[in-house]
Amino acid sequence: MESQNNAVRTLDYVNRNKTGGKAYLQGMVALSIVLVSALVAVFVYVPYVAKTKEIAKKRTSLEQEVQTLQKKYDTISGYNRSDLADELKSARYFIPDEIRVAQLATFINVNAKLFNLQVARLGINEDRSEIKQSLGDAEKVKLLGEAKEVASVFLGRVEGPFSFTGTRDDIYKFLDFLVMGGFATNFDQVSLTTGETDTTWSVTFFTSYYYLQPVTKVNAATPLLEIDKSALKPITVNNNNIVPTPIDNASPSPTPTL
Amino acid sequence: MSVNLLPQATVKDVKKADSSLRGMVVLFVWLGLLVVVFVFLFFNESLEKGKLRDAESQKTTLLSQITDLGTTQDEYYTLAYKTLVLSRIKTDQYVPSTIGNYVKEKIEGTGKVQQYYFDAKGVVRLQIETTSYYTAVKIWHELLKDKTVMSELNLTSFSQDAKGKVSFQLTGTLNLAELYIEHGITK
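Residue numbers (the working numbering), protein chains in the order written: chain A, 641 to 898; chain B, 332 to 518.
Any given hint could turn out to be false.
[Stated by the list, open to error] Simulated restraints, written as ranges between beta carbons of each label pair:
id, chain 1, residue 1, chain 2, residue 2, range
1, B, 513, A, 840, 26 to 34 angstroms
2, A, 828, B, 387, 50 to 58 angstroms
3, A, 707, B, 380, 14 to 22 angstroms
4, B, 464, A, 740, 51 to 59 angstroms
5, A, 765, B, 513, 52 to 60 angstroms
6, A, 720, B, 370, 19 to 27 angstroms
7, B, 445, A, 856, 47 to 55 angstroms
[Said to hold, decoys possible] So these bits of chain B aren't anywhere near chain A, every CB distance computed over 12 angstroms:
id, residue
8, 398
9, 486
10, 490
[Claimed, not checked] Within a straight-line C-alpha distance of at most 25 angstroms, the following computed PhoX-like cross-link-like pairs (lysine-lysine) qualify:
id, chain 1, residue 1, chain 2, residue 2
11, B, 443, B, 478
12, B, 380, A, 691
13, B, 347, A, 662
14, B, 380, A, 697
15, A, 857, B, 390
16, B, 496, B, 437
17, A, 693, B, 437
18, A, 693, B, 478
19, B, 382, A, 697
20, B, 380, A, 698
Honestly, the hints are just simulated from the structure, not real lab data.
The structure displayed is predicted, hence computed values, not measured ones.
Note that the Cβ used here is the ideal one computed from N, Cα and C, for glycine as well.
Isolated chain A, as found in the complex:
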């Protein structure tokens, strides 16, 4: 009887152990699944997803570039050639491809005489600089954008101090004539002083005339620049009879229409 009881107890023990071992095994399998899943996720999926995201980011950026280039191509190729030629002609009227020092001297001298002014002093210098160096940061960004290479654009400047004598009204008319045509010119340090008589005045001013050489071999990746057509109009002054002077491709015209 005792031995029978022992046998039953042993069997119960074995059965319990069997059940416990099975649960243990199942637990281990579940844990392994979780672990392997985590390892696969960390070492396979995550790098894959990261790589795919990187590619997608690159693709998005490239698509934006393509859009920009497409816009650039459409804008330039769609620009009417005849309009482009006409507008370029107008632009050269206001900012020539080149101005030679002697031409500016002649231009100022001849026109001053048309306003009954006498030349007292003529001194001019020539300076030439790369446009990207002469512009401010904001415009530089506007000009160059992210393009790594752009054609060198040369903005030239012919400048110098001039002195004339004449009546005060003629002096102002002449100065207005120089600026109102919409030319790429500017004044600084203008000084008008009465002369020996009340009607005779002398003026000294510092003027700069700009010119911009044509650009060649523009890099295809250069960002698109908008054409500001409003710049191709002269300044308008009410009740003024002076008509803007024609300007040829090389220099300001020495024969203004008065």
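Following the hints, position chain B against chain A.
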């Protein structure tokens, strides 16, 4: 009489078989999921790579098309640069007679301007002569009142001779934009 020699499956045996089968199914589903996710990621990556290649090819084509524009592109940029520079210069440009007329308006009849000086920053310096101290102060007051156009007005020199004739110098800064508006000048 037939005898069934096959072992009889007990309920316990069936449960055990069910449990093993479930375990196998779970294992296969898990492996399947791992593979499906991997395949999905692989295809997604391939798709992105394909789109990237397309975009690169489009870019190359466009760059080539733009290069083929040749002189048209050069002329377009020449025009764009010229207008850009013109706009920039025009913002600084000023009309000299406007300054002269403003001074004339404010002073003529009361005093005589002997010297005008103005620069690109709008700085104005006027050497004025008047017959009396009172007129000089009146001119100064007139210019001071017009704060929208003239600012930072200072008396930089003053002298009076035995006959009462006054000569003085005023320096100020002109708000050119405002002056142009008042004189109907559009830039």
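Status of the hints after comparison with the structure:
1. B:513 <-> A:840: 26 to 34 angstroms: Check passed, 30 angstroms falls within 26 to 34 angstroms.
2. A:828 <-> B:387: 50 to 58 angstroms: 51 angstroms, holds
3. A:707 <-> B:380: 14 to 22 angstroms: 20 angstroms, holds
4. B:464 <-> A:740: 51 to 59 angstroms: 54 angstroms, holds
5. A:765 <-> B:513: 52 to 60 angstroms: For residue 765 (chain A) and residue 513 (chain B) the Cβ distance comes to about 36 angstroms; the hint is violated.
6. A:720 <-> B:370: 19 to 27 angstroms: With Cβ atoms ~54 angstroms apart, the hint is violated.
7. B:445 <-> A:856: 47 to 55 angstroms: 52 angstroms, holds
8. 398: 5 angstroms, violated
9. 486: With a cut-off of 12 angstroms, residue 486 (chain B) remains clear of chain A, as the shortest Cβ separation is near 19 angstroms.
10. 490: 17 angstroms, holds
11. B:443 <-> B:478: 22 angstroms, holds
12. B:380 <-> A:691: 10 angstroms, holds
13. B:347 <-> A:662: Given pair residue 347 (chain B), residue 662 (chain A) holds - Cα atoms ~11 angstroms apart, limit 25 angstroms.
14. B:380 <-> A:697: 11 angstroms, holds
15. A:857 <-> B:390: 19 angstroms, holds
16. B:496 <-> B:437: Given pair residue 496 (chain B), residue 437 (chain B) holds - Cα atoms ~19 angstroms apart, limit 25 angstroms.
17. A:693 <-> B:437: 70 angstroms, violated
18. A:693 <-> B:478: 60 angstroms, violated
19. B:382 <-> A:697: Holds. Residue 382 (chain B) to residue 697 (chain A) sits at ~11 angstroms (cutoff 25 angstroms).
20. B:380 <-> A:698: 10 angstroms, holds
Hints 5, 6, 8, 17 and 18 from the earlier list are contradicted by this structure; the remaining hints agree with it.
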